[in-house]
Amino acid sequence: SQQGEEDPQALSIQEGENATMNCSYKTSINNLQWYRQNSGRGLVHLILIRSNEREKHSGRLRVTLDTSKKSSSLLITASRAADTASYFCATALLILTGGGNKLTFGTGTQLKVEL
Amino acid sequence: DVKVTQSSRYLVKRTGEKVFLECVQDMDHENMFWYRQDPGLGLRLIYFSYDVKMKEKGDIPEGYSVSREKKERFSLILESASTNQTSMYLCASSHRGLRRGQPQHFGDGTRLSIL
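Chains as they are written, first to last, in the numbering used here: chain D, 30 to 144; chain Z, 7 to 121.
In short, the hints are calculated from the structure, not lab data.
Virtual Cβ for every residue (Gly too), placed ideally from N, Cα, C.
Misleading hints may appear alongside valid ones.
On the chain Z side, residues computed to face chain D include the following (Cβ under 7 Å) [what the hints assert, rightly or not]: (1) Asn37; (2) Tyr56; (3) Gly107; (4) Pro109.
Build out the structure end to end from the sequences listed, making use of the hints.
Structure, rendered in structure tokens:
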């Protein structure tokens, strides 16, 4: 079953604007991760936030996590045309047998940044 | 940089054929994963492996099997291909990182068509 549900499904903005994507999930998690996928390519890991963290930054990315509301948001500031891609949140549970994370992905937000 | 290589970008097979999808990673990762990605459904986990010869079912294992004879290589097998297995298949790998969050590194995917 899918945990993460992204909102909106699609987002179109102008270059220089900020883009915000939201993710809601249903059960307890170990951490939450955001990935980016360019058309026809694999996913690229962007940022990971642990369940005991509330906010994390990486360059132009800012991620928040509210475990009481079971939600997360990804903010991309000063967007560029090159940010055009699909963005996925993934909720992570520990793999008890060996360690590492089992991820459950949402359906993604398609971001288009226009010049 | 971590490199996850999938043997084919595009593959066309016929119903009933036995299909092998190969994945190789070069970062000595313990965990490897196979996903399929379909429009509107996001990524769904088929199988994963946390060690050589070890495997666990994901969310949609029916109609698939896997093999991990060497640490760097993880194969997905469609025993008797059917048209509903037409999809994008993505391989990923990660370190174990007991208790800590671990990002996954993805290959570029194999777009498989079953005719």
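Requested in this report: Double-check Gly107 of chain Z for me: the hint is only fine if its C-beta lies closer than 7 Å to a C-beta in chain D.
Outcome: holds, 4 Å
Query raised in the report: Against chain D, is Tyr56 of chain Z within 7 Å by beta-carbon distance?
Result: OK, holds: Tyr56 of chain Z within 7 Å of chain D, min 3 Å.
Report task. Closer than 7 Å between Cβ atoms is the bar; does Asn37 of chain Z clear it against chain D? Give me holds or violated. Result -> Because about 4 Å separates Asn37 of chain Z from the closest Cβ in chain D, which is inside the 7 Å limit, the hint holds.
Requested in this report: Double-check Pro109 of chain Z for me: the hint is only fine if its C-beta lies closer than 7 Å to a C-beta in chain D.
Outcome: Check passed: Cβ of Pro109 of chain Z comes within 4 Å of chain D, closer than 7 Å.
Every hint from the earlier list agrees with this structure, and none is contradicted.
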